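Asker: If you want the building blocks of each chain, they are given just below.
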Amino acid sequence: MIDISISEFLSLPESEKITHIKGQAVLYAQQFDREQLDYLCELSDACRKLRKSKDGADFMATLLSDKTALNFFVQPSSRTFLSFNMAQSILGMRRMSLRDAKISSISKGETLADSIRTFLSYVDMIIMRHSDADAGALAYWIAAKSHRSELVNGKKVPLPIISGGSGTKQHPTQSLLDIYTLEKSLEEVGGIDGKKIMLVGDLKRGRTVRSLSYLMKNYKDVELYFAAPEVYQMEEDILQFCDDNGIKYKKIDSIKEGLEEVDAVYMTRIQDEWDGLGAGAGHVKASDAFTFKKEYLDLMKPHCCLMHPLPKRDEIDVELDYIDDKRIVYWRQERNGMWMRVALIAKLFGVDKDIIARLAETE
Amino acid sequence: MIDISISEFLSLPESEKITHIKGQAVLYAQQFDREQLDYLCELSDACRKLRKSKDGADFMATLLSDKTALNFFVQPSSRTFLSFNMAQSILGMRRMSLRDAKISSISKGETLADSIRTFLSYVDMIIMRHSDADAGALAYWIAAKSHRSELVNGKKVPLPIISGGSGTKQHPTQSLLDIYTLEKSLEEVGGIDGKKIMLVGDLKRGRTVRSLSYLMKNYKDVELYFAAPEVYQMEEDILQFCDDNGIKYKKIDSIKEGLEEVDAVYMTRIQDEWDGLGAGAGHVKASDAFTFKKEYLDLMKPHCCLMHPLPKRDEIDVELDYIDDKRIVYWRQERNGMWMRVALIAKLFGVDKDIIARLAETE
Amino acid sequence: MIDISISEFLSLPESEKITHIKGQAVLYAQQFDREQLDYLCELSDACRKLRKSKDGADFMATLLSDKTALNFFVQPSSRTFLSFNMAQSILGMRRMSLRDAKISSISKGETLADSIRTFLSYVDMIIMRHSDADAGALAYWIAAKSHRSELVNGKKVPLPIISGGSGTKQHPTQSLLDIYTLEKSLEEVGGIDGKKIMLVGDLKRGRTVRSLSYLMKNYKDVELYFAAPEVYQMEEDILQFCDDNGIKYKKIDSIKEGLEEVDAVYMTRIQDEWDGLGAGAGHVKASDAFTFKKEYLDLMKPHCCLMHPLPKRDEIDVELDYIDDKRIVYWRQERNGMWMRVALIAKLFGVDKDIIARLAETE
Chain A
767 MIDISISEFL SLPESEKITH IKGQAVLYAQ QFDREQLDYL CELSDACRKL RKSKDGADFM
827 ATLLSDKTAL NFFVQPSSRT FLSFNMAQSI LGMRRMSLRD AKISSISKGE TLADSIRTFL
887 SYVDMIIMRH SDADAGALAY WIAAKSHRSE LVNGKKVPLP IISGGSGTKQ HPTQSLLDIY
947 TLEKSLEEVG GIDGKKIMLV GDLKRGRTVR SLSYLMKNYK DVELYFAAPE VYQMEEDILQ
1007 FCDDNGIKYK KIDSIKEGLE EVDAVYMTRI QDEWDGLGAG AGHVKASDAF TFKKEYLDLM
1067 KPHCCLMHPL PKRDEIDVEL DYIDDKRIVY WRQERNGMWM RVALIAKLFG VDKDIIARLA
1127 ETE
Chain B
767 MIDISISEFL SLPESEKITH IKGQAVLYAQ QFDREQLDYL CELSDACRKL RKSKDGADFM
827 ATLLSDKTAL NFFVQPSSRT FLSFNMAQSI LGMRRMSLRD AKISSISKGE TLADSIRTFL
887 SYVDMIIMRH SDADAGALAY WIAAKSHRSE LVNGKKVPLP IISGGSGTKQ HPTQSLLDIY
947 TLEKSLEEVG GIDGKKIMLV GDLKRGRTVR SLSYLMKNYK DVELYFAAPE VYQMEEDILQ
1007 FCDDNGIKYK KIDSIKEGLE EVDAVYMTRI QDEWDGLGAG AGHVKASDAF TFKKEYLDLM
1067 KPHCCLMHPL PKRDEIDVEL DYIDDKRIVY WRQERNGMWM RVALIAKLFG VDKDIIARLA
1127 ETE
Chain C
767 MIDISISEFL SLPESEKITH IKGQAVLYAQ QFDREQLDYL CELSDACRKL RKSKDGADFM
827 ATLLSDKTAL NFFVQPSSRT FLSFNMAQSI LGMRRMSLRD AKISSISKGE TLADSIRTFL
887 SYVDMIIMRH SDADAGALAY WIAAKSHRSE LVNGKKVPLP IISGGSGTKQ HPTQSLLDIY
947 TLEKSLEEVG GIDGKKIMLV GDLKRGRTVR SLSYLMKNYK DVELYFAAPE VYQMEEDILQ
1007 FCDDNGIKYK KIDSIKEGLE EVDAVYMTRI QDEWDGLGAG AGHVKASDAF TFKKEYLDLM
1067 KPHCCLMHPL PKRDEIDVEL DYIDDKRIVY WRQERNGMWM RVALIAKLFG VDKDIIARLA
1127 ETE
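Chains as they are written, first to last, in the working numbering: chain A, 767 to 1129; chain B, 767 to 1129; chain C, 767 to 1129.
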């Protein structure tokens, strides 16, 4: 199904890899266009509604009851792992997981390529989180070469591969759930188009803010505010991408500087696990200018939402966690991610139309 | 749903925490009264009977097929973990597990409170085993504060939290299964009321014997025999509790001293993993006077049962493991625990009446 | 159900253990006769066919929906673990797994016997991979002594125990899937009878080639070619077994020496994890004479198949992995293993006839 060698494929730029992939794997935030994003948001809403009743839940659990997903996460994860597992479970998929290379045949010297080929001998989809930025592309190439395939809407396609985060660069499903959260939070003021969004914290190594920036090219007149200490500022490739795609942006020196102007604040944690000292070795405290304080709520617009991909540490005042203010959306953002992953998997296996049809029947 | 702060809640004595919890979480053995204990035993029997047929099993697996449980066990466990998983599976629940904090976001500096709040964004119930005695109470408070809730018998309640053992103090579901095992073993001689029960071994640090002692306040005229070397004798707070609640007790210096008088012998293992040397670092052998020997069977009453929460080491003669004597109940005690956990979860989600109704139809 | 002591049972030779087991556990390759092997191959085909439709898949998932399997793997495994999980899932079984003794009660000093007895208090079948060659026999003895049992074809039998690989000696389900792969690959030339099969690599410590050699006694006029460096040659006990059972064999010094004569080539990896240095400590490279090269395809018979139990390292030219040549069967061999395990479990629980009957209805 794919006619170039693995080394040729891996050496292509992301934009050309995306052309090959044709939406049959989910590896890069940039692969989604506006129409797809809108449809996935609509489908997420439909999944959420249909599953409110036990009947709807039981129907959804029949859709992929003959399919199995492997959650292959060799980096730490709570949210993404649980959320994908929930999504699979909601669609009735059987689930396997592999989280520790030591108990796998990798410990006997098996290559990653052979491991993936093996997984695809058994399961029907792989979700993978891996430190190697190319692991997802490798897995897609193997899926496209494998003699097993999936029949989706009458067409043979490779078994789906979804990235659950790769290296420091990409976390495509996180950016989909961020889009969904933004669209829902800004629903009453016309959605994302024309809005100002502040991204705060470790922009340099935060794959979530990088991926989200890519997706902004699909929305009209968005302006990004990059609020970070210089050492953690957004990298040149993203600034270039913004310039090339007509996304306005400015760098600012504190949250407060832009707080009254923006429609969304997207906080991030300083990713000191990449500092080479190992996770938790020496946590860097968020500096005062980039910490969200309780009193900032009074400065925010009435519809402005406060987001965070989580986990957080001290960059958001802990008192905000259990305040009843609908603008604090980071906990709801987690569950939005689950619904978006249900939608995404349903779409990849071609059962999205069944969900929409069933919902129409019951409404 | 709860109107005090987390620090206020955690500083309350257990008795007041129990008042707040209103049976919507299972954290303390003392929270159960006689009526509840009797009902749970009856319900356990009903679950066991209904599941004997494939039809009954398939019916039970529909009851909570749209609910998901997280088994969050950060201390070693075989029995409790498997038993809860089985119980969930019998009721058709989807199951997730997290057993290693290193692969979770805790490794990125996330607080336990944030982790629990995150889990509750996805799943519908948490079973937790944690070294921190307050972890369960913390989880209950978060569940009560969360915007997600469960509809049970027409009433919105917090998502259920069940302790699977916390610190050295509490293991409430173990004490429920012990009660169920005692009631079943002593069924033909009128149940627990009026009986003498010997607790043997490491009473100081054995949370199972502590929890069981608490529950004895619900039974009439029970007398406890505490058989332990002085260094492992029952702690003062439990003796005080017995005094306050009219539970008779005596301390004895060997199993033999009370063996011919009692109606149940409850053996425990010396918990040397709390000795600060780490699990398995230096196992303390049970001393001769507190080891149950094969010849003791001849001294036991015909209805007296031999229990153990397990795991055991050398405190029971290994020859007893496969002798066919109905008084040796420690293996059956394990499976009783599974049924009790089915009953408990069914009750928490309000599907207990469906089980009883279905059983009535089929009998 | 078994009337000898555990120490007596463990001291019996394998042939006498097999007599006791009566097919109710799967521990040794030698326990299968020709009729059973043929039936399991036929049943594997039936399972594969029936599950092609969603209807067939959903039917199969009802068969053991009230049964639970425990996958107790305390040695690394990817293939066997995933493959058994898939097989259980296809038959609708609930699945538990235990892969790390540190998080189990073994860390509190529990014996393996007590752990197994505990597992059998909850689950209905154990698949176990263990470094101790006797662990499977121990588990069978406990299952036969336990008060829990399974009703199969109207007869009470012990809960099934299946070895997922034990020590360096046995991997019985691997040899079943190898037989199935050989039969399918050689289908058009009359199956295994009368064929020449080359076994290559680490024959000394490769439990797969040892188990496969045992099974050859069931086929007529098979000749084995043992291609290995002297230090890794097949051990004396297997040579003796071949002599005793009329299996012809010859030792050869390179793959090339026998390549044009044989009907199947079975490659294996040098198992240097048994070298005492620990897995991965110092990988031994396969020597040139025992490495399968791409150009060898031109020397192989048109029906000769290239097999490997996997994981592999450098003993097969990596270029062969994605060549479209139907003789390269090692990836398909993996999936064959899944179907064989479905068949085996279905047979052990007596639902094999339901599968065959349903397939007959739908054809």
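What the hints contain is simulated information worked out from the structure, not anything from laboratory work. Owing to the predicted nature of the structure, the values given are computational and were not obtained by experimental measurement. Certain hints may be false.
You can't tell identical chains apart in this list, so a pair holds if it fits in one copy or across any two.
[To be verified] Heads up, simulated DSSO-like pairs for lysine-lysine below, C-alpha to C-alpha not over 27 Å straight-line: (1) Lys935 <-> Lys1092; (2) Lys1016 <-> Lys921; (3) Lys815 <-> Lys1017; (4) Lys922 <-> Lys970; (5) Lys935 <-> Lys820; (6) Lys1092 <-> Lys921; (7) Lys1119 <-> Lys868; (8) Lys1016 <-> Lys788; (9) Lys818 <-> Lys986; (10) Lys1022 <-> Lys921; (11) Lys815 <-> Lys962; (12) Lys820 <-> Lys1119; (13) Lys874 <-> Lys1119; (14) Lys911 <-> Lys1092; (15) Lys921 <-> Lys868; (16) Lys1119 <-> Lys921; (17) Lys1067 <-> Lys820; (18) Lys983 <-> Lys911.
Asker: Each of the hints needs a verdict: does it hold here or not?
Answerer: So, going through the hints one by one against the coordinates:
no., hint, result
1, Lys935 <-> Lys1092, "neither (31 Å within a copy, 39 Å between copies)"
2, Lys1016 <-> Lys921, "neither (45 Å within a copy, 50 Å between copies)"
3, Lys815 <-> Lys1017, "neither (39 Å within a copy, 61 Å between copies)"
4, Lys922 <-> Lys970, "neither (40 Å within a copy, 44 Å between copies)"
5, Lys935 <-> Lys820, "neither (39 Å within a copy, 38 Å between copies)"
6, Lys1092 <-> Lys921, "between (44 Å within a copy, 24 Å between copies)"
7, Lys1119 <-> Lys868, "neither (41 Å within a copy, 40 Å between copies)"
8, Lys1016 <-> Lys788, "neither (33 Å within a copy, 53 Å between copies)"
9, Lys818 <-> Lys986, "neither (34 Å within a copy, 47 Å between copies)"
10, Lys1022 <-> Lys921, "neither (52 Å within a copy, 43 Å between copies)"
11, Lys815 <-> Lys962, "neither (29 Å within a copy, 56 Å between copies)"
12, Lys820 <-> Lys1119, "both (20 Å within a copy, 17 Å between copies)"
13, Lys874 <-> Lys1119, "neither (44 Å within a copy, 39 Å between copies)"
14, Lys911 <-> Lys1092, "between (48 Å within a copy, 14 Å between copies)"
15, Lys921 <-> Lys868, "neither (38 Å within a copy, 42 Å between copies)"
16, Lys1119 <-> Lys921, "within (16 Å within a copy, 34 Å between copies)"
17, Lys1067 <-> Lys820, "neither (38 Å within a copy, 51 Å between copies)"
18, Lys983 <-> Lys911, "neither (32 Å within a copy, 38 Å between copies)"
Checked against the numbered hints given earlier, the structure breaks hints 1, 2, 3, 4, 5, 7, 8, 9, 10, 11, 13, 15, 17 and 18 and satisfies all the rest.
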